[in-house]
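Let the sequences and hints guide you as you build the complete structure.
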Amino acid sequence: TEKMKKALKARPFTDDDLRGIFDTVFETILFESHNVTHTVDSIYRYFRSISYEIRDTDQKCFKLEAPAQLVAMHLQGPNIIHQVKLNMALYRPKSGTSNQSSMRFPVALGIKGRSLYLSCVHNGQQPVLQLEEADILKDVDGAELERFIFYKVENESTAQFESAAHRGWYICTSPQNNQPVSVTNRLGEVFITNYFLTQ
Numbered sequence: 003t004e005k006m007k008k009a010l011k012a013r014p015f016t017d018d019d020l021r022g023i024f025d026t027v028f029e030t031i032l033f034e035s036h037n038v039t040h041t042v043d044s045i046y047r048y049f050r051s052i053s054y055e056i057r058d059t060d061q062k063c064f065k066l067e068a069p070a071q072l073v074a075m076h077l078q079g080p081n082i083i084h085q086v087k088l089n090m091a092l093y094r095p096k097s098g099t100s101n102q103s104s105m106r107f108p109v110a111l112g113i114k115g116r117s118l119y120l121s122c123v124h125n126g127q128q129p130v131l132q133l134e135e136a137d138i139l140k141d142v143d144g145a146e147l148e149r150f151i152f153y154k155v156e157n158e159s160t161a162q163f164e165s166a167a168h169r170g171w172y173i174c175t176s177p178q179n180n181q182p183v184s185v186t187n188r189l190g191e192v193f194i195t196n197y198f199l200t201q
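Take 3 as the starting number for the sequence shown in this note's numbering and just add one per residue.
Because the hints were derived from the structure by calculation, they are not lab data.
Computed from a predicted structure; not experimentally measured.
The reader is advised that the hints may include incorrect statements.
DSS-like mimics (lysine-lysine), calculated; alpha carbons at most 30 Å apart, straight line [claimed, not checked]: (1) 140 - 114; (2) 154 - 114; (3) 154 - 87; (4) 65 - 87; (5) 65 - 154; (6) 65 - 140; (7) 114 - 87.
In structure tokens:
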């Protein structure tokens, strides 16, 4: 009887026993690590839209002419009905930027009542301003659609619009009447780059 008790006495269950069970039940799985880069900072997050009347500091309005070109001209009396209103889509500043502290806000500028938006593209030797048919009242991927984004730079009672795709180039008007709205990188010289905005 004493021998049977000794034979039946169990040895302590150890970690090695547990590892042995796991090795039997589970197969070894190999994991591959892939580096994935998300370009979060290239996304402009849509916030809201506001409609504005726009005039340069010479009191010229924007007028849409066929086929799709903006001109700046003095409009008075019954001709004021031809004045273009801008539908300004506002976007939140990208993370890690200081745009908000320096009063610079990303916006897209559309013609109210139409699916036409201003864009700044490179054509030949320098950037040009054009109107494109688009629907961008949503988040904008800067990698593909940054040509539609402008930084609204507030200066006391006026605002400037700098191209996000071509930094240093601003939406401008000619001092002469009935000339195309364009872009310039020469501030404070011939072209007008400051605008009054009224809702």
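Taking 30 Å as the top limit, are the C-alpha atoms of residue 65 and residue 87 close enough?
-> Holds, because 9 Å separates the two Cα atoms, which is no more than 30 Å.
Please work out if residue 154 and residue 114 have their alpha carbons no farther apart than 30 Å.
-> Holds. Residue 154 to residue 114 sits at ~18 Å (cutoff 30 Å).
Assess, step by step, whether the Cα of residue 140 is no farther than 30 Å from the Cα of residue 114, and give holds or violated.
-> Judged against 30 Å, a Cα distance of about 16 Å means the pair holds.
Take the C-alpha atoms of residue 114 and residue 87, compute the straight-line distance between them, and say whether it is at most 30 Å.
-> Roughly 6 Å between the alpha carbons, so the hint for residue 114 and residue 87 holds.
Pair hint outcome, residue 154 versus residue 87 [Cα-Cα no greater than 30 Å] = 16 Å, holds
Is the Cα-Cα distance between residue 65 and residue 154 30 Å or less?
-> 20 Å, holds
Given pair status - residue 140, residue 65, alpha carbons within 30 Å = Within the cut-off at roughly 26 Å; holds.
Violated hints are absent here; each numbered hint is respected by the structure.
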